[in-house]
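Colleague: If you want the building blocks of each chain, they are given just below.
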Amino acid sequence: YATQSNLGGNARCRLLLEALQAAIQDYVPSPKTKDVRHDISNVVLKPSFAYWTHHCRPHSVSMGNAFSFVKSAVAALDRDIAQQWNTSDEAKLILKESMEQYVQERVHYADQAIAHYMSDKSIIQDGDVILTYANYEVIAHVLLEAARRKTQFRVILVDSKPLLEGQSLLRTLREEGNIDCTYILLNALSFVMKDVTKVLLGAEALMNDGSVYARVGTACVASCCKKKNKSVLVCAETYKISHRVQLEAITNNELGNPKNVLQKDDDDDSDDNLRVIPLLYDLTPADFVSGIVTEMGILPPTSVAVLLREMNPDAAANSQGGF
Amino acid sequence: MATEQQQKEEDSLVLQDLKKNLTRGMALDDKTAVAMPVAAMNALLGVVQRTTSNTMMGLQDELKEASDQILEWNSTEGTRSNISLASGCDLFLRYSTRTFLELPDFDACREAILERGQRFAGISLAARDRIASVGHQFVGEGQVVLTHGGSRVVAALLLKAAETKHFSVYVLEGRPDATGAKAAEFYSKAGIPTKILLDAAVGQIMDEVDLVVVGAEGVVENGGIVNKLGTNALSICARAHDKPVYVAAESYKFARLYPLSQKDIPSNTSVKLDFVDTSSGKIELVKVPDAVQVHHPLSDYTPAKYITLLFTDLGVMTPSAVSDELIRLY
Numbered sequence: 018y019a020t021q022s023n024l025g026g027n028a029r030c031r032l033l034l035e036a037l038q039a040a041i042q043d044y045v046p047s048p049k050t051k052d053v054r055h056d057i058s059n060v061v062l063k064p065s066f067a068y069w070t071h072h073c074r075p076h077s078v079s080m081g082n083a084f085s086f087v088k089s090a091v092a093a094l095d096r097d098i099a100q101q102w103n104t105s106d107e108a109k110l111i112l113k114e115s116m117e118q119y120v121q122e123r124v125h126y127a128d129q130a131i132a133h134y135m136s137d138k139s140i141i142q143d144g145d146v147i148l149t150y151a152n153y154e155v156i157a158h159v160l161l162e163a164a165r166r167k168t169q170f171r172v173i174l175v176d177s178k179p180l181l182e183g184q185s186l187l188r189t190l191r192e193e194g195n196i197d198c199t200y201i202l203l204n205a206l207s208f209v210m211k212d213v214t215k216v217l218l219g220a221e222a223l224m225n226d227g228s229v230y231a232r233v234g235t236a237c238v239a240s241c242c243k244k245k246n247k248s249v250l251v252c253a254e255t256y257k258i259s260h261r262v263q264l265e266a267i268t269n270n271e272l273g274n275p276k277n278v279l280q281k282d283d284d285d286d287s288d289d290n291l292r293v294i295p296l297l298y299d300l301t302p303a304d305f306v307s308g309i310v311t312e313m314g315i316l317p318p319t320s321v322a323v324l325l326r327e328m329n330p331d332a333a334a335n336s337q338g339g340f
Numbered sequence: 017m018a019t020e021q022q023q024k025e026e027d028s029l030v031l032q033d034l035k036k037n038l039t040r041g042m043a044l045d046d047k048t049a050v051a052m053p054v055a056a057m058n059a060l061l062g063v064v065q066r067t068t069s070n071t072m073m074g075l076q077d078e079l080k081e082a083s084d085q086i087l088e089w090n091s092t093e094g095t096r097s098n099i100s101l102a103s104g105c106d107l108f109l110r111y112s113t114r115t116f117l118e119l120p121d122f123d124a125c126r127e128a129i130l131e132r133g134q135r136f137a138g139i140s141l142a143a144r145d146r147i148a149s150v151g152h153q154f155v156g157e158g159q160v161v162l163t164h165g166g167s168r169v170v171a172a173l174l175l176k177a178a179e180t181k182h183f184s185v186y187v188l189e190g191r192p193d194a195t196g197a198k199a200a201e202f203y204s205k206a207g208i209p210t211k212i213l214l215d216a217a218v219g220q221i222m223d224e225v226d227l228v229v230v231g232a233e234g235v236v237e238n239g240g241i242v243n244k245l246g247t248n249a250l251s252i253c254a255r256a257h258d259k260p261v262y263v264a265a266e267s268y269k270f271a272r273l274y275p276l277s278q279k280d281i282p283s284n285t286s287v288k289l290d291f292v293d294t295s296s297g298k299i300e301l302v303k304v305p306d307a308v309q310v311h312h313p314l315s316d317y318t319p320a321k322y323i324t325l326l327f328t329d330l331g332v333m334t335p336s337a338v339s340d341e342l343i344r345l346y
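So the sequence lines, in the order shown, correspond to chains A and B.
Letter 125 of the first sequence, counting from 1, is numbered 142 in my numbering, and no numbers are missing.
Letter 51 of the second sequence, counting from 1, is numbered 67 in my numbering, and no numbers are missing.
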């Protein structure tokens, strides 16, 4: 996890839940424990999360929301069932099932629902030229579903350093969907703009005011497309909604590996006059987004706060566990 | 279930009801005139009254079928906007589901639907009055109000404003159905100084205008509106000159649509267009070869960014609040 080898909000969330799952399974309450649930939270959950966040890598919004969920699942355990932790597996089973259900519903089904919605409502139509940036699971689902329904469209994939994630999306779309693809780097964006009919972007997090926190470069793509009056749609599962608002992109950002941005001939890192800043995320203002597609349907970016209220009451109320 | 023959009679009954409702009166101040969604709801009420079904599922099916028929009829033979009819039908169906959740007993539920439905026409008139009372305050003394389309809601709003203020009204001609001329006649007779403009004069006159007020056939989820053709261009021009654009619409016009561009709004163009040259004082009909395509949709879509505020029976709201209301309703 610390090496940033697992990329993407969905992947990190899944892995977090798997890790917490293992930690919970291994937990053994001491005989003096008064309330097992309280103990799990303080001895297992909070310290682990804190360790991963401080020593390995800052958590994503998706991880934060998943963590809030796990805490409330533990707190919601029946007291008696929890107290029998050592003798019966029931509590462990309940927790295991709720966590698996969380991933199933909020990630997998959400992705499928979004993919079906985009095709059912004919948002992707014959003749469309769809532009996308970087690689997001939900975007792959959407495009593959449209291809499955024999919609005639083609995709322009825009990619850039430091991660060049677009290449894996390209591979997926070609191998699994046989979709007509064009691959360009970010600097060629203005050349292809003429043909583009729709823009589909993924997100790492949806902030409360409708701005979109996503892979670095997304804001560039969105602003260029909006200027040319293309519809910019952001596809994101609702569990990625954050109750916070960010005013600029540097806050809570992360640095990747500088070598991904600038390859130097010698391994001499002692050049004091040169700072390489390999930022991983940026913030796209709500103005550049025409609509946000979630498993609840499509809504304007200004309504993200309303959705948060309806869907994640714990994240809305809790300002500590969340992002 | 009804036989084929009965089914056919049932079909025409629904459409008969609808047509009866629609032709009741088109005058701007006619209190008995009904808006499209209300007409649709009255027609669907007829279905509820006549139903032989005694389960909610059965009734829902009948209502769904009736509303499909209404929409199909309108898209082939009707001349009005599909959106307002669709939103009216949708609202009725949603309301009946909601009532059923509150009153699981079928007969009680049916009674409740009928009772509320019959009150609806009255509710919609009250909505118009409420909109007029919040909206008229935005018209100032001595101002020039530009309007477009034949909205009864806007008419009510401007009449209310005229009770306490002096102002003048500019109306766009509104080809090809002369709504502008009809509206001008109405406002003039009401004692408000009125000017008719050619549709194309919008850019030239905008400096003199203080505010724009239009109605809506439908209000869409992202806060945009669907209204008579020309509203989009008018709004873009107004915003470019920094003039506010206000939309007066009842909340039952909020539709669950999210258009991304003009072509996402279907529009029927069954009316044939004539081209006349009146520059020489006489009316000269200009014949155009059949090979020439004529593009004249009846409505267009105005995106939320060109709309300043909406006056509704729920109060004055910004375009982004429309989505909040819809999320709450659903």
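Misleading hints may appear alongside valid ones.
Stated by the list, open to error - Derived EDC-like pairs (lysine to aspartate or glutamate); straight-line CA-CA distance at most 16 Å:
| # | chain 1 | residue 1 | chain 2 | residue 2 |
| --- | --- | --- | --- | --- |
| 1 | A | K178 | A | E271 |
| 2 | B | K279 | B | D316 |
| 3 | B | K279 | A | E265 |
| 4 | A | K167 | A | D197 |
| 5 | A | K167 | A | E182 |
| 6 | B | K321 | B | D223 |
| 7 | A | K245 | A | D304 |
| 8 | A | K243 | A | D212 |
| 9 | A | K113 | A | E35 |
| 10 | A | K247 | B | D280 |
| 11 | B | K211 | B | E189 |
| 12 | A | K138 | B | D258 |
| 13 | B | K279 | A | D143 |
| 14 | B | K321 | A | D304 |
| 15 | B | K205 | B | D223 |
Said to hold, decoys possible - So, partial list: chain B residues that the calculated Cβ filter (under 10 Å) puts toward chain A:
| # | residue |
| --- | --- |
| 16 | R66 |
| 17 | D193 |
| 18 | A194 |
| 19 | V332 |
Don't read these hints as lab results, they were simulated from the structure.
Bear in mind the structure is a predicted one, so any value in this text is a computation, not a measurement.
Where a beta carbon is used, it is the ideal one built from N, C-alpha and C, also for glycine.
Colleague: Of the numbered hints stated earlier in the document, which are not met by this structure?
Modeller: Hints 3, 5, 6, 12, 15, 16, 17, 18, 19 not satisfied by this model.
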